[in-house]
Amino acid sequence: MSDYGHDLLFGTFVTPTNQPAAHAVDLAVASDRAGLDLVTFQDHPYQPRFHDTWTLLSYAASRTSRIHLSANVLNLPLRQPAVLARSAASLDLLSGGRLELGLGAGGFWDAIEAMGGRRLSAGQAVEALEEGITVIREIWAADKPGPVRVAGKYYRVHGAKRGPKPAHDVGIWVGAYKPRMLRLIGRAADGWLPSLGYLPGGVEDLAELNAHIDGAAVAAGREPGAVRRLLNVSGRFAPTGRAFLDGPAEQWAEDLAGLTLEYGITGFILGTDDEYTIEAFAAEVAPATRELVAAERGAVAAGPA
Amino acid sequence: MNYGHPLEFGTFITPTGEDAVTLARRSEELGYDLVTFQDRPFQPDLHDTWTLMSWVAGRTERIHIAANVLSVPLRQPAVLARAAASLDLLSGGRLDLALGAGAEPDGTAPDGSWDAIEAMGGPRLDPDGAVDALAEAVDVVRGMLDAGEPTPLCFAGEHYRIDAVGRGPLPRHQVPIWLGGRERRVLRLIGRKADGWVVTLGHLGPGDLRAGNKIIDEAAAAAGRDPAEIRRLVNIAGTFGDERRGFLQGPPRAWVDDLLPLAVEDGAGTFVLICDDPEALERFAREVVPALRAAVDAALPAPLPTGPVRGAAARAKRRTGIDYDGLPRSLARTAVEPGDIDYPRVRANYMRGGSPGVVLRPGSTAEVAEALAFARRHPDLPMGVRSGGHGISGRSTNDGGIVIDLGALDAVEVLDEATRRVRIGPGARWKRVAAALSPYGWALTSGDYGGVGVGGLATAGGIGFLGRKHGLTIDHLRAVEMVLADGSVVRASDTENPDLFWAVRGAGANFGIVTSFEFEVDEVGAVGWAQLGFVASDMAGFLRRFGEVASTAPRDTTAFLVMGPPRRGQPAVAQLYGMVDSADPDTVIAQLQPFAQIAPMFQQEVVIAPYAEVMGMAPDAEHQGRGEPVSRSAFVREVTPAFAQAAERLLTSGVVYFFQLRTVGGAVADVDPDATAYAHRDAGFSVIAMGVDRERLDRLWDGLSEHFDGLYLSFETDQRPERLADAFPPATLRRLRELKGRYDPDNVFRDNFNIRPIPGTEEKP
Ligand SMILES: Cc1cc2nc3c(=O)[nH]c(=O)nc-3n(C[C@H](O)[C@H](O)[C@H](O)COP(=O)(O)OP(=O)(O)OC[C@H]3O[C@@H](n4cnc5c(N)ncnc54)[C@H](O)[C@@H]3O)c2cc1C
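As given, the protein sequences belong to chains A and B, one line each in that order.
The opening position of the first sequence corresponds to residue 1 in UniProt numbering, with each subsequent residue numbered one higher.
The opening position of the second sequence corresponds to residue 1 in UniProt numbering, with each subsequent residue numbered one higher.
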């Protein structure tokens, strides 16, 4: 049992298709209107059927008012970390502090290389991601003295000016499954953002993966609670319960509250392109889950009866 | 010299704080054509320009947006191209792309330098290398944006390598690529490859603008381009005052005097005002712009054009035999030629590839008549009439011919609520029609797919999910407006041109171009919508049982069945799509129950939903059809055991990949067969088979003729003349021929099941 005690976030994972061009923006607006906390888009710059994720995030941010936005997750090998840091700060400033930075080490190396990116081995990609995170955090650290100097193996920044400082503490959330990346998250990230569908053992895998993060965090002198645990999920609403996240809204709430209380997951990002589902998730699942979690946390805080 | 571009005005705004957004919006309000921001990724007190541009795009509606100019060394050109296409799509075609080599030693980027770029992790390039890299970036971006080109992009440069990447997406408009710079090498590059030159006047000495233009023009000519393809954009700065104190320093009239020679003699097509002062922006917009436009028009021998300017490369793709330059002005504005950015969007239809020579997109009935007149001046070229582009029998695209695309005529209007009378344009898609009628609690039976267009379906029949209860789509038609072959615009209804009205309902494509349809629609609330998946191990038996249940079901229930060939070693599966015109769950379940007993089910989804939601499932995608569909169609009265056996053989032949049975009958059969040109009222099912190999499918299908009783022309691609006799019974066909002789004696309309006219026997109308 590991609940890290964060507030719960509910969000959507919307296909950034460019046909019709406004599809993803419309669903971001719908997510915002429904009262969700977060809307996210995958980033595959080699995929011509998708929008460029950064452009889409910026455009969607300007069309929404309250919701936070993040890539899920950004393809670092095809984005320049120092420029990305400034872009992220800009967007956070323009949007009044609504950007979160989902980052990934890259995966489809053939496609990345075809686009003009650099092919890295899995191990190199982890190192590169860590350097990238350092560059980004250094650029954002506007108040530190002196220019940014990161003499990395993959990214070299020497003498770049610092800033701008984002409007809020932009969370760096990393998508990962393997121990090395999980340790990096424990050391250096603010959030972990895996997809339930990629866990071979389903939700039960979360315990072991969490442990990698927790261990690395402690070793780096951080609280495990410094890393928020988010999860991409999919499901469907049905009149009768059939399986995990396949049933009525009340059952969804129980399923999700279980994830919070058992595995410390406090960000639920639902893959959907359907407005009705978005509304039901926001109106029925989110409040019920929050209530269940609050009740249970209250009971725990009150101590054993 | 002046290069003949429409004169445009832009602003150049410091990309900082919230002010940048405010000033961009103000620029739009003031009528500027363009807002631009410099790009200094190494400068922390400025916004990231791309992010700001994207944000501003979301906060504006009309104004174009560009960087001034984008620093290429810190951006990945292939990713940049995708980003550019995205921003252009999201903004509705408002991105212009201005690129620069990065730093220039001579101060075009005053606080940028290779040191600053390198400090950010970018490459340090020498002056030649920087221009080479820029040239490569232009090629990569152009290659990526050339989404109509089917081959993947390969590019092996010194600086950038792209290895077989899928191109696209296609931007909304032809995104121009402008380059900034003053060096001779950059200018030559502009002449060779770019669509515009962006230059800051304050960085130039006297005579430099003219000298720069000359270098560009010579390089363009050497590359076989017309220098007029290249727009010259000049960044200017100044101050307003009561008295002239120098160049662009003084009252607006003095500004006009200063700028006039730049436009008339030095070819400036766009003036971009470097200014963060809202008052000066306003003053320039209100007092300089109109006066300067008037002065330029007065100074030039001919007024500047307003329509699209096609470059040499675009004109080179024109097809022979089309009088492109003879297009009337009204149509030229929206016409699409093979070299145009929109061509990949309009060349194909849903099921069929094509390469028309020109696609005309009229926006009114009068323009349809003009388009038709233009097409008639090219009697030897194929002419296609397109509404929603879902034609299977109808050839609404072609090779080298003319397409009249009615997509812009897509209004859905309620004419009279009491009688549920609505008027619908041919270019509307059925999903939009359904969505527009839904709030009234109405629906109009259409087909099974919301993407299909009104024009093609409502002139042929309209076999849909509400058919057994509400009849065919054409049974709801009360009047049409159409353009006839001679260019006249007529109405047809039971009382006006009744013969024509008869013919339009089933053979409309042969008689003219319908420009609006008036329907009486039905009251339809939410409906029961079922998708059932069956294991059809005994295919013939399954088909027979389906036929029995579907044809004896109550009229509120209409079911379509789709089957494909059984996969190796697995039983055949069948997918049933059915609609029950009832919002009552018990009724819906009761009507579906008999279907559920036909065979074991592996999937079962039943929902109560508005008709509009079922139609709404069709995605809004652009047509990407390739090749020619191979489809055969027939009516059967019932699914007899012999036909079921034959269908099983067909399905296991390996020739058919798609087989469909659509239940008709019910209200469709209530209508007198002579009442409309669609005459096969007694059919029980419409049967469709699609394949890849035309000859093999024809052979098999022809062998089934004993089971058939006519065909529905919309699903038939066989061009042999006998098919006409299958589509229309003898008396119907005779009457159609006579009417064709009367209304279209020259056989202008022949792209869809051509009925040849019987000349001159009838009296003229
Ligand atoms: C996926 C799919 C599903 C379908 N489902 C159904 C169905 O359920 N029921 C059904 O009945 N049919 C169905 N059809 C067939 C469809 O009705 C016909 O193909 C119809 O012609 C498509 O209309 P359109 O306007 O989209 O096509 P287009 O390709 O634009 O037009 C087809 C032809 O119709 C004629 N035409 C078009 N507009 C006009 C006009 N304004 N005036 C005169 N003639 C015109 C032209 O001859 C043209 O070649 C389906 C087709 C597809 C591809």
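Any given hint might turn out to be false.
Unchecked claim - Cut-off 20 Å, straight-line C-alpha distance, at most; resulting in silico cross-link-like pairs (DMTMM-like, lysine to aspartate or glutamate):
id, chain 1, residue 1, chain 2, residue 2
1, A, Lys153, B, Asp416
2, A, Lys161, B, Asp115
3, A, Lys165, B, Glu18
4, A, Lys161, B, Asp33
5, A, Lys165, B, Asp45
6, A, Lys165, B, Asp242
7, A, Lys161, B, Asp45
8, A, Lys144, B, Asp45
These are computed hints drawn from the structure, not numbers from a lab.
Okay, the hints, checked on the actual structure:
1. Taken as a hint, the A/Lys153 and B/Asp416 pair is broken in the structure, with Cα atoms around 73 Å apart against an allowance of 20 Å.
2. At most 20 Å may separate the alpha-carbon atoms for a hinted pair to count; A/Lys161 and B/Asp115 meet this at roughly 12 Å.
3. Taking the CA atoms of A/Lys165 and B/Glu18, the gap is about 15 Å. The hint holds against a cut of 20 Å.
4. Distance restraint check for A/Lys161 and B/Asp33: the Cα-Cα separation of roughly 34 Å exceeds the 20 Å cut-off, and the hinted pair is therefore not satisfied.
5. The suggested pairing of A/Lys165 with B/Asp45 holds, with an alpha-carbon distance near 10 Å, which does not exceed 20 Å.
6. About 43 Å separates the Cα atoms of A/Lys165 and B/Asp242, which puts this hinted pair outside 20 Å; it is violated.
7. For the given pair, A/Lys161 sits about 10 Å from B/Asp45 by alpha-carbon distance, which is consistent with the 20 Å threshold.
8. Taking the CA atoms of A/Lys144 and B/Asp45, the gap is near 16 Å; set against the 20 Å cutoff, the hint holds.
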